[in-house]
Structures are given as structure tokens and as C-alpha cells.
Amino acid sequence: MKFLRFTFLMMMPYCLLQAQGTANFQDNALPADSFWVASDTSFGSGGFQSSGLFFASTWNDAFGGYWEKGFALSSKSDSVTSGFTNQFSSRPGSGFLSDKYAVSYGRSVIRRTSGQAFRPLSMRITNSTYAANSMRDGDAFSKKFGGNSGNDPDYFRVIFRAYAQGIPLPDSLVFYLADYRFADNTQDYIVSTWLSLDLTSLGSSVDSLVSRLESTDNGTFGMNTPAYFAIDDVLWQEAASSVKEVPARSTGVYPNPCKDMLQITSIANPVSYLITDISGREYVRGFFQPLQNPTVYTGRLASGNYFLQVRDASGQVISMQFTKQ
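In terms of the working numbering, the sequence shown is residues 1 to 325.
Hints are computed from structural coordinates only; laboratory data are not their basis.
Note that the structure is a prediction, hence the values are computed from the model and not measured.
Wrong hints could be hidden among the right ones.
[As the list claims (entries may be wrong)] FRET-style restraints, in silico, Cβ to Cβ:
(1) Y297 - F141: 41 to 47 Å
(2) N305 - N269: 41 to 47 Å
(3) R281 - S77: 23 to 29 Å
Every residue gets a Cβ at the ideal spot worked out from N, C-alpha and C, and that includes glycine.
Please put together the full structure from these sequences, using the hints given.
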């Protein structure tokens, strides 16, 4: 929870002036252990709403009808059963501190219900049971991640990109739902809990937030890994009319993987930094001296995956993932 407190403090000057909301899906009267998808219009046409955000869902009437892409609203609790029949469950077996959450399939879109611009701040994210078990065990369509030896460098990731006035902003945000690329196989992981993802680097005034999935397991007809993940507690903020949208900067860290030092690139006037692990636990917090080369000492960190969140002089918090060897 330290990660969430740090992000909130960085955003405080804006939160006092701008409306914000948290889409936790509790404002939808969905029965326990059930789901809603676009073939049902009980929550509206083409998607559903929560706390001022609209989660698009597309139904295709061809071949008897099927869920083509987008979000499903879910309160399913099956964190065990493998296979397509359990496509609407999250791997934790619930939402984040609640029963309801959203499951994404294929390409998904989030936008303001009002159609106005907004600033995405953060969300909780995890795997679906279907995808997690498929990667863990393999099935008739998908490989077991790591292969029989455990050494195959597999990954499954979601890429978020924001759009402003219908045009994609330059920076994207990548989150690994599973990563088996490590030389030490004990570091390989499949996300099975709700993790916090900082979205502030995607822009301060956007029309929509779009996600797509990538995997190392692909075949003739595209990705073999089940194209699902789950989200909850999507925190957003109203875009201030006085704030002019500036395209997100290209950010980066190197070397990645690193050993003792991590160099930060392409961030103007970095002020402070925070290092957390993928569960949000805080490890290192510090400040940069003006005019000095922005580097972070990582020698005391154990080997593994971490997030580096850097605050610049404007108050924007930018998150980057790195690996400590």
C-alpha cells in the first residue's frame, strides 16, 4: 500500500482542484458469481459504466454470436478451474477488496462516460484464471510457459496507449502479466494477485485508454495464450481546462538488467524517486541533486523485478520496470 500513498501525495495539488473517481464496479447491481457481457443490454448498449468511466464491450452476431473484444463485468470467484469455460474469473478469485471487477478480452477501450477528456492515474491489474492456468500448465491450444525445460524465454504482456483527439500519444506503458525470460528460473513469474499500476505517464488529458496483448506463444491464427486479464479500482482525474496536453516524453533506464547503478534517461528535471517490487512494497526512496547525472544506486537490492517511479519538476510521476541481476 506504500505505492498508493506515494502516488497520492505526488498528485495532491491537482486532486484539490479537479474531480476524480475510482471505477471499482460496485455501482453495478451484478449478482454474486455471475458476469455481464455485451450480448446483454441490462447495463446499457456497447459496454457498462462505473464512477464516470465507460468500459466498451463488443458483441458479434455472426456464427450464432460471440464476445468479440472489450470488457466483461464479473463477480465470478473460480480461481481454480482451467479452460475456456472459466473465462470470466480473475486469478485471485475476486476483485481487489471487493466482489466485482472487469475482465478484458482482446483489444479494450476505456473512456469517460461524458465523452470529456480525463487523466488516467492508476489501476489494479491481474491475470484471469483461464490465462494464468494456461500459461502454468499448457493446454490443447497454448504452451506451458518455460517449456518442458523451464528455460524458454516466454512472456505475456499488456500494452496501454492513450489517445487524444483520436490520435495516439507517443508513449505506451507495458505491464508483464507473466515473464519467463530470466536466466535464473526461480525468478520467472505469472501474476496471481492484484498489483497496482501507475498510469500517469500516459498523459494528462486523454480521450481514451486502449489496451492490447502480446505473447511469445503465437500460431497461424495469432496469439495462442488466452487474451484475457482483469482490472479493478481504475482511478482517474478530470482533465483541467487550463492544462495543455504535452505529448508524453520518451523515458527509459539503462542498463536493464542492472547491477549496482541505474541510469535514468529522457526525463527533464527529475526530483525524486521510489523503488518498489511488483507487489508495491517500498525498498528505496531518494532525491536527485540539481544538475547531477540522474542515477540510482541499486547494489543493495536482491535480484528480481522492480518498478522505478520518478517524479519530475512538474509533479508528474513516471513508472518504469527494471530487473536487478
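These are the hints, each one checked on the structure:
1. For the hinted restraint 41 to 47 Å between Y297 and F141, the CB-CB distance of approximately 45 Å keeps it satisfied.
2. Under the hint 41 to 47 Å, the C-beta atoms of N305 and N269, about 27 Å apart, miss the expected range.
3. Range check, R281 to S77: about 26 Å between beta-carbon atoms, so the 23 to 29 Å window is met.
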